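> If you want the building blocks of each chain, they are given just below.
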Amino acid sequence: MSQSNTFTLDGKTIPYNEGQTIIQAAMAAGVYIPHLCFNPEFKPHGSCKLCTVKANGRQTASCTQHPAPGMVVESDTIEINDERRALLQMLFVEGNHFCPSCEKSGNCQLQATAYEMKMMSPHFDQFFPDRMLDASHPEYLLDFNRCILCSLCVRASRDVDGKNVFALSGRGIKSHLIVNAKSGRLADTDFSGDDKAAHVCPVGVILKKRVGFTIPIGQRSFDEQPISATPHPQGACPVGPRSNTATLPPHPTVKGG
Amino acid sequence: MSSLLETAANPENLRRVAIDPLSRVEGHGKVTILLDDKNKIHQVRLHIVEFRGFEKFIQGRPYWEVPVMVQRLCGICPVSHHLAASKALDAIVGAKHLTPAAEKNRRLMHYGQILQSHALHFFHLCSPDLLFGFDSDISKRNIVGIAQKYPETAKRGILLRKYGQEVIRHTAGKRIHGTGSVPGGVNKSLSITERDELLKDIYQIVAWSRDAVHMVKELHHNNPELYNSFGAFRANYISMVGFDGSLDLYHGRLRARDENGHILFDGVDYQNYSELIGEEVKNWSYMKFPYLKSLGTERGWYRVGPMSRIQNCDFISTPLAEIERREFMAYSGVMPMHAPLGYHWARMIEMLHAAEMIKDLLHDDDITGSDLIVTGERGFEGVGVIEAPRGTLIHHYRVDENDLVTMCNLIVSTTHNNQAMNEAVRRVAQQYLHGHEITEGLLNHIEVAVRAFDPCLSCATHALGKMPLQVEVLNEAGEQLSSLSRTSDGILST
Ligand code: SF4
Ligand code: FES
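If you're matching them up, the sequences are chains E and X in order.
For the first sequence, our numbering begins at 1 and goes up steadily by one.
For the second sequence, our numbering begins at 1 and goes up steadily by one.
With the rest of the complex left out, here is chain X (with noise of 0.2 Å):
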């Protein structure tokens, strides 16, 4: 009997491995670069392939099915797509608005998703760029050489990924491919065991938070020039902003700013994005390019993600996060920062203020209500919009009176991110590459700019030094002078 409930302890593993053929959803990140006899650029691209085919096979499936199948479109950020699923059929069932309990249960799962793919994305991919440098030895560029050098740091995210897991496990049923969120609510919210436990750690978490905006802030001060300059270009900025302006992960309106942080639209009804969004096809392109429509396709890209989202945002609600964004702020002065690698301050900013709000969360009696669905007139069509971690996520559909879906249309943070990470490469290929020989160096100072936009790509969850790259110098006619790949198992290859 031992052996059997053995067996039933482990259901996770089996289920994953056992009976789903297609979880794996790969991605590749490939840059092309078009130089002349003087080594001047005159072309650099980033391309994405994106997989799309969601969209279609979402379509003649029942609509309760959604939250819970969408999460197969993505293994780094599926609670991210299982909310904003569920806020788009909240729609279809008719709840206008949820149940206290069953909104803040989404919230916690939502924060704690933040939390642990911000812990991951800095801390196990990033900190070694930014704590080695670029350049370093490759052999010790990755989380195992910070292990060594700054234990304390890696064991830091370590916990931090762990606690944010452990939310979505206590709100979603499983650490992945969870259930939590259904149309019109949630089917549990958290037990007082589960509050108990968690209520355990967040002190912890909270400082362990604060310490790592503090440390990226530190890397900021100490070198001023390669933190403002590197692969910085200037961009337009949305994002959802909380019915008060404040910083609102889960809900809200969208609100756009220009370059120079003049409010582009604000207020808007996400309901309504398709009026304000196009999405531009390229033909060297499998990843489409979103562009503001009043601004058209030249002028109209935009950027998201956590550096939109601080400096969108008039206040954070939580005191620690507040703090450190209105440094954020005097820091970057009169203009917006657009340098990428304010994105790592910024989401450290916004991993402070998910785990304040997990504190939060946690001390309120809703957390652990019992009054969890609510429905009422049917509805045929409805969007849904979450702050992922990386950035706006869109989800929209249509479901027919069968409750079949007719039509699903997504737009992810990273196709947000498509023209402005093709900037940024664009940018560190000048600032680096110009007249030079493709070294290692090189290929990591394009993955470091490209990496700062954390795109949502399965190649971005390998390992640092491991994202499958291919760089290619081609002269104008289109031969190609040299050429650098790396495959997903870090081998380096001409």
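Just chain E, same shape as in the assembly (with noise of 0.2 Å):
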């Protein structure tokens, strides 16, 4: 690798091919940038700014751009860590997010990435917004009330299933996810639990049924390692059960169907 496709973050040289945006990069080189509405299985959306940098004394996300020879990029400064907390406890109080009584604790994005950034408090106002659930679905769950509009299902069902399942409708404050049905319901689209879609979901909207508290805390993707150390975390996670912890259960059968 030649002398000039490096850059330097936070001091420390990362080498870089032609293509690699920053953050690609970084997480190459084993560098952790933080970041949620990015997935490098799909193309970035650049929406969530969680990644955001300075590259050369300028605020970039850094999951977009692409790194220039010798640029000087900063990402963990306390300047920058500041912006990141204050856009997560923004996520926090827009939406729903009760961490306590949530079946994903431990498996989060959104909550290990708090923790990432010493995140103590939502410090602004909850929105307490009014969202609904869709259970419709025999197998799937939908709870509106932990989307960050993130749109990883977006771009898994449009991109890798080719079915245009989920979709981001509104606009500002105002955003919200819908699903492809007339009803509006996930059970009358062609969604499938195979679907790549239902296993990107950062936070907990995305959920397969029943499955719950299964997992004991302890065993969940982040309880033994923090974000950082898991570069490429995915969003459903399941780890593997110990001898002494349960496997999932086997669906209730409902009488006469």
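Below are the BS3-like pairs computed for lysine-lysine, each with C-alpha atoms no more than 25 Å apart in a straight line: (1) 209/E x 174/X; (2) 174/X x 200/X; (3) 359/X x 200/X; (4) 96/X x 209/E.
Residues from chain X that keep clear of chain E, each with C-beta distances beyond 10 Å, as calculated: (5) 155; (6) 166; (7) 269.
Chain X is nowhere near these chain E residues, computed Cβ spacing over 10 Å in every case: (8) 10; (9) 11; (10) 13; (11) 15; (12) 28; (13) 86; (14) 162; (15) 170.
No lab work stands behind these hints, which were simulated from the structure alone.
Quantities reported herein were computed from a predicted structural model and do not represent experimental measurements.
Even for Gly, the Cβ is constructed at its ideal location relative to N, Cα and C.
Hints in hand, dock the two standalone chains.
Following this line, the structure appears as structure tokens:
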């Protein structure tokens, strides 16, 4: 690799290939840059701004920005982390995120990133938005209370599943996630549990039913290591059960169907 | 890297602080007294603000979330709600019989909760009243005063509680807001390491629990006049009793006795609780008044909790607690004990029983078993009952075919005891207030009576002498003659 194909990230020299974004190069070098709407499997969306860095003194989203030779990039600074924390706090108050009773707790990237950024309180007033659940599908539940509009499910359904089950609708504070059915119900879309879109949600919106809290505390994705040490966290992050932990229960049978 | 790992090592604190805006549920006790110009008392009321929004809140949520969600109801005995909800939802997933590993780990969690709650209540909240006297110097009448005068007692209180919390942590995953119990079973059993860690101290815990029973017993024997009469009133009592008639705090059937100890009903499947228990609404109280339907609202109110359970069962399965139960029964004689201070004695017997049960479970191979969850034919309605530290706790749910909760009804121990606590406060007011100006001593007498029931309110966990209480003396026209209140900071004002 030629000397010119490097940039510095917080003083560390990071090599990169043509076409890589800053965050991709950083990840390849094992350096964590906080992010939520970025997932290396999908085209970047650049919407959450958690991955914001200063490149040659200018703020930019590292999931969309390509590095230039010798670029000086700052990420882990007090100033940028303060901004990230504020962004996270806004995400928390805009939705209804009650971690202690959320089954995604311990496997949730929003929560894990908040710990990473040492967010101690939501700081802002809660919006307590009135959002619905969609439990129409027999195998999957949508809890819109927790949607952070990262569009990963939209991208997965469109780009991988070729289905367009999910879409973002509305603008600004009115933006929300919709499903592709006249009735607005997941059961009436062609969504399936085998879809990529069923497994990418970084928070607790798209949930396999009846799993709930079957993974004990201590064995969830971010119990043993922080998100910064988990370079490519995936949506569902299933952890294999150990000898004294529960295996997922078979689904209860419904009499007469 | 080390600072990151440090952050992850304390997830509980972070989680709790950062992300739970609804975790605080306030409770307030308020007493109003109505008397005439000769200071004759006409009316005494204890008003408790109860948090009932939860039943609405849980509607429309997926059922598997409920056992964890309900723990937000109450910061005092979240494990009881966790387990009562799980028991109700066992019926939804069609788990008629749990695996031995699942049931035993749930029981272990429950006995851990009983131990820590009873220890907290007795040592931290009540021992200052009982050891120093209700009228004693308020500046010393607290756990700090106990630590100075009786350092060994204070230390044991702390360690007993801590042990119970450790049992909870190992079975539920966390001391608070754990997830151990799930519909159909548990998500983990004890690991060998966890079991061995708990085994180390359990014999000490059993011994200290027994000493605690002896301590309360002595208080009764030394001052029978006070202990037998303070706030005493006669009442029916109910509790769940094991299938064999034993004291069983986790599972069994409902049994009720009248004030003379005669059986009113027995062997009742708690799925049918609503046929037996009605809930009366009174316009002056936010909290409902449950009553036995067979006796009606006037005569049908009852008591729950340790004193009911100890006198309702036929025997206790663990030997040390059984010896103590017999002594308790012998002390009260032919008639059941009705004096509220008897709760403390009964509570310590239960703590001893819980400690003995923990010891037995830790020696049972099923506790580290690996068969944890069962399911069967899907159900749509379930009732779960558990004997929580404060008394019978009923959870009742209906769930639709999309797995969402459509109905939730809870009857918590403090609600069962609503009328009984009102009666106790009335007796105390008659015994001690009659014709007197209100003093801090009176306030504390009322508090002592209320606290004997260990009401499940956040105010009850405030440090002793800091329960927010308000006493108003009104004349017949409803005009206020005098009042005294104390904030949760312990500040008195008139
Ligand atoms: S449902 Fe999940 S994946 Fe889809 S936009 Fe919302 S947060 Fe992102
Ligand atoms: S991760 Fe780059 S904007 Fe969301």
